[in-house]
Structures are given as C-alpha cells and as structure tokens.
Amino acid sequence: MKILLVEDNEETAAFITRGLLEAGHGVDHETSANKGLIAAAANPYDVIVFDRLLPGMDGLDAVRVLRQSGLTTPILLLTALSGIDDRVKGLEAGADDYLVKPFAFAELYARVRALARRQPLNEEPTRLEVADLVLERTTQKVMRAGQMLDLLPREYRILEFLMQNEGQLVTRTMLLETIWGYRFDPKTSLVQTHLSRLRAKVDRPFKTDLISTIRGAGYVIAAP
Amino acid sequence: MSLPPPRSFVGSTVFRRTVWAILAGLIGVLAIVWGAYALNHWQIHQEVKASILESEFELVTAYEEEGLEDLVHRLSFDDRTIWDPEWMFAILEENETIVRLVNAEGETLAGYEHIDPPGGWSQTFLDHEDLDGHPVIALRLGLGLGLEGGDANLIIAKFLPDRLIYMRELLVMGTWLLAIAVFPIALATGWFTSRSVFARLNTLSETAERVGKGSLQARVPLKGNGDEFDRLSSAVNDMLDQIGTLARNLEGVSVGAAHDLKTPVSNLAGRLQLIERDMDDPSATKAHIDVAQKHIDSLLRTLDALFRLGEIEAGKRKAAFRTLNVSELVEDLADSFQPVFEEADKTLEVRTSPRILIQGDSDLLTQMVSNLLENIIEHARDGAHAKIRLRASDNLAHLEIGDDGPGLPALKGEDIFERFFRLDPSRTTAGNGLGLSLVRSIAQLHDGTAALIAFEPGAVFEVTLPLAPKP
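Sequences listed follow chains R and W, in order. Going by the numbering used here, the first residue of the first sequence is number 1, and it counts up by one from there. Going by the numbering used here, the first residue of the second sequence is number 1001, and it counts up by one from there.
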C-alpha cells in the first residue's frame, strides 16, 4: 500500500511512519495541510491519513477541498479532540473514518487496512466466505460445514464485519463504533462478552477455530 | 478594581438626597398652603362681591323707580345723609355695606365721604384714621345719565373679613420661619440618616473586602430587624455560603482529579522502571507493558470523562438534540448488556413502555444508561438482580435502573453525583468517580433529573427526562 501521512507532530508522525514501513508499506509524510493537498493531488495513494489540527489550515477544510476536487481515495482523520460532534463533522466533511489520539498503532493500522480494502457499495459481494464458513447477505443466513448457524441479529452483524475484513485485525473500538454506534469506551467487557458468545456458536462446535483474539487489540477472522 | 473606602458621609449620596428631599418637601408644603390660601382668598372675594352686587341691585332699582332724592333718603341714618366716621366701627363689626353717592362735582350726596375708588371693581382702603389698615372691596358705577346736575356715581364697598388678613400675616411669617429653620433641620437629618446608612453599608463593604482578601468564611452581621439592609446582608451571606460550597467542591474535585490522574501516572513510572530492569526477559517486559497499557487506558478514560463533562456542562450539545425513541434506546442497550450481566453472574430484567419519545442526544443518553448499568456490574454483589424500568407519566419519562444489593449508605445520596466522589475514601477501587457525575450532567442537559432512591437492600437510580412535545 502507498499511504500519505499529513501530520505536523514529529513524534506521532515518526511512530506512524515507522509502523507502516515495518509492515511493508510506502509512506509519504507531509507536515502542513498545503503540502499534503499538493501531494494528494500529485500522486495516487491507497489511503490518506490527515491530522485535524495542522498549522495554517483545519484538516477538516483540507478534506473538504480534496473531496470537492473529486478525489475518492479513502481518508482517515486523526484528532486530539474527542468531542462527540467532531467525529460527525469529520465524516460530514468527507472523511471515511475518524480516530482520536492517542491510539495504539494496531488501531490505526487496522483502520487503514479496512479503508484500503473498502469496496464501493454496489461492488460488495453478496456472499462472504472464510474457509467452510459462509455468510449469505441477501438472506442473512450463516452456514458452517453445511450446518445452519442460529445467530442473533447483533452477532450476525459482528460476524459480517469480521468477514468483510478477513485476515485483518478488527479492533474493539472499531466494533463499538460500527456495531453498537457507541462513541465512548465502556468500562465493562461488552465487546469481549459478545465475541465470546459469537465464537461459542461459530467455532466451538467445529474442529478448527476461525476467529482469534489479538490480546489488547481486537479480533481476526481467517482460514486456519 | 476597588475604590478607596469612603471615610466621609457628608459628601455621600444619602446625605445629599436627604437634604434635597427635605427642601423639596418644604417647597411642596409651602405650595400647598399658599395654594389653599389663594383659593380661600378668591372665594372670600367672590362672596364679598356677591354681597356688593346684591346691594347694588337694590339701590339701583330704588334709584330707577323712586329717583335720586329717595336714594339719598335711603342712605341716610338718623336723618344724616353724610355718615359719621364713628359709624364705621359698627359697620366693620356687623359686616355691613359702606355706600357713597357722589355727584359729578365730587360732592358727596349721601354715605361715607372718605372713600374714592376708581371705576368698576377695586380693592382699596378707607380714608379713616383708625380703619385705614382694613382693605375693602369697592364697586363704583355711574348713575342716572342725563339727570339734572349731571352724572352721579354710586360707590358700594365692603370690608374684607379680618381672618383673611390674619391668615395672610400668619402665612408670611410661617414661610419665613420655615425657610430659616429648614436648612439646619435638613442638614441634621441628612447627617443622621447618612451616618446610619453609612455604618450599615460599611459593615457590608468591610465584609466584602475581607472575603476579597481570602477569608471566605466572613459573613455580614445581621441586625435582625428584617429591614432592607438585613435582606441585602442575608442575600450576600447566602451567596457567600453558596460560593463557599462551590469552592469546597472544587477543592474536592481538584484533589480527586489530581489523585485519579496521578495514580496511573505513578504506576506507569513504576512499570517503566520494571521494564528497564527486566529488559533481558522479554516475557516479563511484555507483561509490564500490558499493565502499563492498562494504566494509560485508565488515565485516558478519566481525561475523556472530564472532557465530556466539560462539553456537556457548556451546553454545546443541545443544538444537536432531536426527537428519539428512548424505549428503543434502552431496550437495545439492555440487549447488549444482557450477556455482560450473565458473565458477571447477575441478572438483568427489563420492562419498558413502548415508544416513549423525548428530545435529546442519543450518544449521550446511551452513555448515561450504560454508565448506570456498568455501575451495577461493578458494585452489586454476585447473584444480584438488576432491573430497568421505563415508563411515561404526563410529561416525563421515568427511567429506573437499580439492583438489590448491597446498596449505598443513604447519607451519600447526593454526594455520589459529585465529581471524583468515592464511597471508598482510600480510593483503591477501580473507577474514576466521574460516572455518576456524567449521568447527572446528561440528565440535566436534557432538563431532567437524576437521583438515588435508596432502599434496603439495594439502590435505584431514577432519571426523569421531559417527553418530546406531542405533535
């Protein structure tokens, strides 16, 4: 992947750049909104990571400019503000995802990969498959090894989200935001509890586990 | 900025106002008295004139019917046509009419000789050595045009009553006396009034100065008579009490915040040292890092909660309010938390009335309900039964979230909503003491309330929210 990072804070930038380079991706780093806009216009990127608070320009306005110029590259906004409205504003401006600082690199990376893989809506497959697990989106039926699984609606949505990001980390916060729509971090093990119930239905009756836990980060579904 | 404290009350507003008020009062009194006198004066004049006109009618009629000779005869007393000045005393006494009939040559034909007013109505004096101080109202008119001997003039006059004279003299004297006496009175009254007001205000401003210099426990002494100064003073005292409470709360909040922020940071520092020590042992290092991560999470959670509280209390979120189905919101949350309760060996029972609509912010309300549920998961005993009740009354949605034990000491009913309040004074248990503050702030942002209903055993939080106006 080729990623554009627009971030003025040196430490944050170094931390992100190093992580992405180590994961084998190309990173262009710019330190101001103007330079970021020029770079985004000049080169094709898979994902753009834009800081909200940049010298000279609000990252929100920069995203708006990029979208108005017809750029469709997925954009992840970073911010130190965790106001509830800020996220909505960011998404309204045309960002695809919004991440509040501080964050774990795993969180950022999971989101960047999810964005890079994101398909245009009309090209989304109607059938998701991971090994012998099949999810039919039209009928909302889930089968494993030819056996129908009886999932609750929320469990279905969690599984669908995991399968859309097959082989990639899905973080706890991503699940909270996507499945529950919560903008805060519950103290209790809400996500863990639901995942363990899902796993009890998807994995436990079968020989191999498809869903695995990445400790302190999130979950991955992948063929063994 | 504070002005130097005033030390003189002579220049004070109260003093000047008092003096002016007394002077204005005096002018008002004089105006009324003199006005009444003028009215009286006018009335008496009218009466005297009416009486003169009566005599005039009688005399003129007599003259026109009987002639001059008869008139002269009529005006004679004891066969004397010319009146003796001595008679005037009796006339004054009896309030009788003075008459003089005079021919064109100025000779008196009958009546009192020594009165000679101009034509028409006039006020004049008699030419009389003892009575020339008594004013009379006189009417002079021409009689008998074309008569032999030319025109005659008839003069009819009456004394003004003495009381009018006395009244006037009295008034003039009183006015002078008042004018002379009022200045010292006004100055003295002003001095006394401003001195007492100054004394009362001085205690107020002295207290304010003391509070300003930091002694927040200073209070304005009350006189106890319930006057306006006492009312002001007790309002100021109430205000100081309130400020004192807020300051103490703030102090508690700062201490709580400092503690709750310092604890994870010191733990973090400790872990960093452990990491350095155990560098050679990757598994131990990893374990330290995991713990350090937990401390950071707790720190961030506290900061987020503080930030959120500030945001809510600034009222910024109100603009984003929309009509939402709180029944659905609560059911969905309960559904999400049901498995968490089961894992924690507790039960959650939910009873909601359908389609209760309120104006609000679903993110915040979700956080509010989830805070209350997490509170139960954290604090209720194993095997506890939690319940959620949602119903609507006339104009309120009532949400009750509670459990059956172990409950909270009733004493702490209000304190638990304070920021950083902990039932455990050693603050060793998990949590940041902001959860319930958030609950209350969110309820209040929605113009609602949050309260604790304690019962044995257990605790129930009741949140009320105003219903959305019916379409």
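Since the hints were made in silico from the structure, they are not lab data. Certain hints may be false.
To be verified - One-sided and incomplete, this derived list gives chain W residues near chain R with beta-carbon spacing under 8 Å: (1) GLN1293; (2) ARG1301; (3) VAL1340.
To be verified - Below, computed lysine-lysine pairings styled on DSBU-like, alpha-carbon distance capped at 30 Å: (4) W:LYS1316 with R:LYS201; (5) W:LYS1318 with R:LYS101; (6) W:LYS1346 with R:LYS101; (7) R:LYS2 with R:LYS89.
For glycine and all other residues, C-beta sits at the position ideal for the given N, C-alpha and C.
Going through the hints against the structure:
1. Satisfaction of the interface hint for GLN1293 (chain W) is found here, the shortest Cβ-Cβ separation to chain R being roughly 6 Å, below the 8 Å cut-off.
2. Interface hint status for ARG1301 (chain W): upheld, as the beta-carbon distance to the closest one in chain R is roughly 6 Å, under 8 Å.
3. Of the supplied interface hints, the one on VAL1340 (chain W) holds, with its beta-carbon coming within about 5 Å of a beta-carbon of chain R, less than 8 Å.
4. The straight-line distance between the Cα atoms of LYS1316 (chain W) and LYS201 (chain R) is roughly 44 Å, outside the 30 Å bound, and the hint therefore fails.
5. For a cut-off of 30 Å, the pair hint linking LYS1318 (chain W) to LYS101 (chain R) stands: about 25 Å separates their Cα positions.
6. The straight-line distance between the Cα atoms of LYS1346 (chain W) and LYS101 (chain R) is roughly 35 Å, outside the 30 Å bound, and the hint therefore fails.
7. Of the supplied pair hints, the one linking LYS2 (chain R) and LYS89 (chain R) holds, its CA atoms being roughly 26 Å apart against a limit of 30 Å.
Comparing the model with each earlier hint shows violations of hints 4 and 6; every other hint is respected.
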